[in-house]
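Participant: Chain Y: place on chain B using the hints.
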Amino acid sequence: MTHREFAGIVETYGDMVFRVAFSALKRREDAEDVTQEVLLKLWRTDKVFASEEHTRFWLIRVTVNECRRAARWYRRNIPVEEVPERPDAPESRELLDTVMGLPEKLRVAAYLFYYEGYSTREIGRLVSAPEATVRSRLARAREKLRDILKEEENL
Amino acid sequence: MKNEAFERAFSDLRLSGEARERILDAALEDGRKAPARRGFFRPLRAALAAALSFCLLTGVTLAASPELRERLWGDFSGIKQDMEPGGENMAVYDGVEAWIDSALTDGYIAVVHVAVRDTQGDRLSSVYNDVVASGGKLYLTKGNALSYCMFYDSGEGVEMSVGYPPEILGFDRDTGTLMLEYRILNSGFSGGPSQVSVSINTGAFGTERIPIERFPMEDKTEIEQGEQFVFADGSGYTVDTTHEITLDTSTFTSMFNNINSKTGWVLVSDVETLPLKEGTVGEASVFLSDIGVTLRGKSGTAGQISITLRDGSEPTAAEGWMADDQWGGVYDEIVRTVSFAKPIPTEEVESLTVGGAAVSFQ
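From first to last, the protein sequence lines stand for chains B and Y. Residue numbering for the first sequence follows the working numbering, starting at 1 and increasing by one per position. Residue numbering for the second sequence follows the working numbering, starting at 1001 and increasing by one per position.
No lab work stands behind these hints, which were simulated from the structure alone. Treat the hints with care, since some could be wrong.
Unchecked claim - With beta-carbon atoms standing in for the labels, derived distance ranges: (1) Thr1353(Y) with Met1(B): 34 to 42 angstroms; (2) Arg146(B) with Phe1361(Y): 52 to 60 angstroms; (3) Thr45(B) with Arg1014(Y): 30 to 38 angstroms; (4) Arg1014(Y) with Gly101(B): 19 to 27 angstroms; (5) Leu1309(Y) with Thr45(B): 24 to 32 angstroms.
To be verified - Chain B is nowhere near these chain Y residues, computed Cβ spacing over 10 angstroms in every case: (6) Gly1121; (7) Arg1296; (8) Ser1313; (9) Thr1346; (10) Ser1351; (11) Gln1362.
On a predicted model such as this, the values are computed, not experimentally measured, just so you know. Where a beta carbon is used, it is the ideal one built from N, C-alpha and C, also for glycine.
Excised from the complex, chain Y in its bound form:
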């Protein structure tokens, strides 16, 4: 139903003429840059897929070279077209394979790419469907995400990260491969161990299947007591204040820890650790790497983080450079991380400011 009062109130809100011009100009500009993109990258993807296959088969750390990493960031779609996954870092259930494609960390942020492929049908396409996702969990079975939390083994025991649901980067319809990206802040790190490993919870595998379903994207802090979630097959659950969810099939699991004793943790992969550039602003420590900026300091460390590149440009969120901002911390120390949507090599950064104050690097 349309409401007349609403219609009057909102119809005055219009996109400005200037904004329209900007959009049309941007499309023209975009069109000039991208007409041959798919065709151009096809050989690149094939070469990259071959390189990745080699890495997987031989157990070499994935995404090891900056060049390879740059390409990985550059074009994900269709990257799996010639690839045959293998090795121990792959989980398989009911014809669905999942494996870690690349994993990078600077000690504070981790960026992990996971590929999921249905070898027996077209079940994953319904997940991708019409959605250009910014978050969202991929559910393969009732109540189990692939995956929500990640665990790091820094060599001194396993630590749980603070994580967000993955972003769906793309879906290659030719091979039925879905590419997911996880960005995680690990407040357990302290400046970056030389090597870590990451495990992804595929607790979903091995439990009862339902049709693949997108989980409603809800911020956990905003989920309401008594709120009901219903899956496509009619099953569902009700949120209670203890943050525990009771499935209507009497299966019991914990939503936010997502610990499933049935299956454990698989998909272990090495993670390439990136070099950090260390600096300070006020009393806060600042760490800059290719994939993001991290602040460590007292609670209240805040302010807009901005970067000026050597060419004078200033990447902004609107340009898609800055990605998620994540917070974590222990006691009165806070760790704040802004991960970039695309990598920015540290050598290209001219200056970095936090809340308008320049960061001084040693």
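Only chain B is shown next, with the shape it has when bound in the complex:
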């Protein structure tokens, strides 16, 4: 891979990797560190990706793993003042705040399902959990997000 190709990959997938990391870690600096680590892994790998979807899948999976590693370290070493970033629109802010208030596993599952559009089966493969577990996490997330999502449907 040339540096120019890599720049294209950062452009294409940088935001996605960052959002997955942010949904797991909640802090911009930490999410950016993980994003850098993940994209550099891609830069270094000899792996041949069969498709764009394969690349996305690999990146998300590696991001989830890196976030777990980072979260373990941060939990022990840095008092986390969890202040998620806020989009401008009030309704978006409310949803983001609520999502970020969920336990980590729930918000990552919710993000991958609702934003990235992955199925529960695919999320299971991404986070190394059985599909039934993903469904249960989504159900619990949905429970907490119900009011906001319902309002959205009524708009």
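Facilitator: Below, chain Y without anything else, positioned relative to chain B:
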């Protein structure tokens, strides 16, 4: 399905321009350093493999010299290309061989490298597959990890360690060899015995086989009552609150102790004990070695551990220096260990702080 509300809420979250620049710069920097890495290390690996073969065949303690250790840490991929494992510290089942490659401890942290090779096929590659793992257990048979816990014999009886699942360091497709790294905090140690041995549970060997499968990576404290795990062949188990797992084949085992009376403990190897530098901060004792920092003190001993090297640099987690942070302890004493992702020779450490307070060394 995509949800519009989610799309609006999250689409404002973007990687900053500065971060993009940093990543591209880091790739450039990385590219300048690494273009010949594979080729360069090939002769080194061959020499190292020969050295390790000699160690294995003659029973010499593995990874005995700092230089050899440094090389072991430096490049694992393909390390086994010319190596023929042998000796007593190898377990074999159904054509799958597992052996201890190196083992280091400073008395508090142990770092053990285990190689696994399939001599009859390509079954291990499916384990490595697309995963860059940070944890995860390698399952060779139903419900049995290779391995979760480790036992130390310090010469005064066997003590169980506090352990985490191994990290997969690399997979050499040429030889079908998987390299695993275990990092373990042994709260049973008291300052580092001169020599210990380590046994790895290969309880998996000898029981019913299923296709090799990655176990879902779950933190045991977060496993939920009634949660179901299903393997690729359709078998599985349900978690219950007693922390016992019932396989659907009626096999019964204990998840967290992973004790399997059928097979016992094998893969015994000597462990090289590293020298410790001892210090104090507040009422806590601090031990620094090449592979990590350990605090022993009352419950509540905490705070960020940071190191300044003699060249003025400060290794951080983001740079990949600090690895797992592990806790253990007995009664009101707590043992906290931060193991390094790469070794940092103690002589290169200028200062060490815990929670911002400088550690004083004798």
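Participant: Hint by hint, say whether it matches the structure.
Facilitator: For each hint, the structure was consulted:
Checked against the given bound of 34 to 42 angstroms, the beta carbons of Thr1353(Y) and Met1(B), roughly 40 angstroms apart, stay inside it. The supplied range of 52 to 60 angstroms is met by Arg146(B) and Phe1361(Y), whose beta-carbon atoms lie about 57 angstroms from each other. Evaluation of the 30 to 38 angstroms hint for Thr45(B) and Arg1014(Y) yields a failure: the beta carbon distance comes to about 24 angstroms. For the pair Arg1014(Y) and Gly101(B), the supplied restraint of 19 to 27 angstroms holds, since their beta-carbon distance comes to about 22 angstroms.
Between Leu1309(Y) and Thr45(B) the beta carbon distance is about 29 angstroms. The supplied range of 24 to 32 angstroms therefore holds. No beta-carbon of chain B is positioned within 10 angstroms of the beta-carbon of Gly1121(Y); the least distance is around 22 angstroms. At roughly 16 angstroms, the least C-beta separation between Arg1296(Y) and chain B is larger than 10 angstroms, which holds for a residue marked as non-interface. Look at Ser1313(Y): its CB is around 17 angstroms from the nearest CB on chain B, clear of 10 angstroms, so calling it non-interface holds up.
No Cβ of chain B comes within 10 angstroms of the Cβ of Thr1346(Y); the nearest lies about 21 angstroms off, and the non-interface call holds. Interface exclusion of Ser1351(Y) from chain B stands, the closest Cβ pair being 17 angstroms apart, more than 10 angstroms. The claim that Gln1362(Y) is not at the interface with chain B holds, since no C-beta of that chain comes within 10 angstroms of its own (minimum 25 angstroms).
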